[in-house]
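> What follows is each chain in one-letter form.
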Amino acid sequence: MTTKTAKRADVRAADAASRPSLADLQAEFQRAVLDGDEQILARLPANSRTTPDVLFGVYRNAYLGRLVEVARHEYPVLAAYLGDEIFNAELAAYYRAHPSRSPNARWAAYGLPDYLATAAIGADHPEVADLARLERALADAFDATDAPTLDLPALVEIAGASWDTLVFEPNPSAQLLELSSNAFAIWQAIKAETESPAAAKLGESQALFIWRQENSSRVRVMGSEEAMLWTEAVRGTTFGRLGELAATFDSLDAALRVAGYLKGWIETAALAAARQDASP
Amino acid sequence: MSVAVAKAKSNAARDVRARPHNLGFGLGLRPQHYRDILDNDPKVDWFEAISENYMVPGGQPLRMLEQIRERYPIVLHGVSMSIASTAPFEANYLKDLKSLADRFEPEFVSDHLCWTGVHGINLHDLLPVPYTREALDHVVARVQHVQDALQRPLALENVSSYVQYTHSEMSEWQFLSEMAQRTGCWLVLDVNNVFVSAFNHDFDAQEFLDGIPADRVVQFHLAGHEHATTHIIDTHDAMVCEEVWTLYRAAVERFGRVATIIERDDDIPPYDDLVAELSKARSMAEQVLAAPRKQAALS
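So the sequence lines, in the order shown, correspond to chains W and G.
For the first sequence, counting from 1, position 125 maps to 264 in this note's numbering; every step adds exactly one.
For the second sequence, counting from 1, position 68 maps to 176 in this note's numbering; every step adds exactly one.
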């Protein structure tokens, strides 16, 4: 190799080294946003007024700020309960551990309830993760798949003379949530802008029923018997068997109570369909 | 003929590469305004809906969009296609976007010339591309893939950027032009973004406009921004400023009659305020178009 050729090769090598591949550049850029890595700054020209680190700072500042703002809309009561300082700090820690992997920024904080349950704040304050679980369930109900609503005349027609063998299909938005703290009472107080009760762990967990009706997410407390029967109904247990199960709670008026629960589910659009059980 | 039938017929015979119709003067669709739109049937020609807001299993947003689509044309405008990323497309993104487009029959589908993350992560920002040959070849291949997947006209928008790269080999407008010419994709020209990037990178906004092929631009965006003295941040939280209106006049002179929207993402004002701002765009465009134009001389 002549000296001239070697020099040209050196220039090409130096040029290639200063020109990262697109993949390497994007990896560097992402590290700079997520971890504060500074390598990218050498590849960015200043403008006539300021330096590359100030300009790149727009991306760094926007990243967490944007995601925390979106999370504040998804978890508004949790944000009000914690206050800005703690909410922002918890969310920053969450996103450091769990950067978004979803095309929709709304779902970037989907794992927040589970994170809070295991984070330091969750150990002393179980109501914090419970509030997050409640708000995530309400958001899930809001986005759930559309389904027809089962009304009473349709149910009567499907039942015919065989009510005992009816099985039910829940509205896809319906879900049951078990909370071990008084998070629901706190949630209600914050929504109503009244004084929140002191946080407390409940002796017995509280069942909340969450569903969507007329385009809005709803929540109500469900008693233990109704919650047990709803869980069975969702599994495909027949209406007749639901009556038998209710009788194990209290045999007096069991059938009447189950009929009352069913009426409530119909009236609140919590059921999508019913059919006669085809299993032997 | 019902709206739905008319919609289906008008789309059935469309060539996916044919130039989209000029939809007139519209607004970015925001949930805060659903009731204003549905209760009052305001005189807005069309709406641009953020695709990802409607890529959900069900619920109110889809019902609202259904009702609005029955009355108005729409465009689906995304923020997470990440066309310039070196990462593979997110597993279900294009499939979900195609389902959404097949359901709502937009005039076209758009997103941004940018990337949003790599290694499976989404930074939820419209990140700048290096204007290199390598990046151009990569983007061209991805645009062709998306056009094949969606089977609909695709338009890409210039983003506001805060940094550029020392190893870029061409200008942003050269990159956009060659991308559009090689793929046949369309361009959404965000006039505010041109203004923001021109300030941030010390280039002449008019040179940008002059460098974009006049026949590829199918939509203008107008929006507000925040001036941070040494740079401008594209916030979409304010009214369109005078300098951007001036640049809009220049854009209409250059590109002629092009569909236009006001885009507002934060500090969302009452609906009527946006309609009033849109009227300003309409009058300004009509005034420019009524005068002898540079555009006519160019074409």
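Where hints are given, some of them may not hold.
Computed list of lysine to any residue pairs in SDA-like fashion (alpha-carbon distance at most 25 Å, straight line) [claimed, not checked]:
no.	chain 1	residue 1	chain 2	residue 2
1	G	206	W	240
2	W	340	W	259
3	G	206	W	330
4	G	206	W	241
5	W	330	G	375
6	G	388	G	241
7	G	203	W	259
Everything labelled a hint here was simulated from the structure, so no lab data went into it.
> Please go over all the hints and tell whether each is borne out by the structure.
Hints, one by one, checked against the model:
1. With a C-alpha separation of about 20 Å, the suggested pairing of residue 206 of chain G with residue 240 of chain W holds against the 25 Å cut-off.
2. Straight-line distance between C-alpha atoms of residue 340 of chain W and residue 259 of chain W comes to about 17 Å, which keeps the hinted pair within the 25 Å bound.
3. As the CA atoms of residue 206 of chain G and residue 330 of chain W are separated by approximately 38 Å, the hinted pair breaks the 25 Å bound.
4. For the given pair, residue 206 of chain G sits about 17 Å from residue 241 of chain W by alpha-carbon distance, which is consistent with the 25 Å threshold.
5. Between the alpha carbons of residue 330 of chain W and residue 375 of chain G the distance comes to roughly 23 Å, so the proposed pair stays at or under 25 Å and holds.
6. Annotation: proposed proximity of residue 388 of chain G to residue 241 of chain G is violated, straight-line Cα distance about 40 Å (limit 25 Å).
7. Pair hint residue 203 of chain G plus residue 259 of chain W does not hold up; C-alpha atoms about 40 Å apart against a cutoff of 25 Å.
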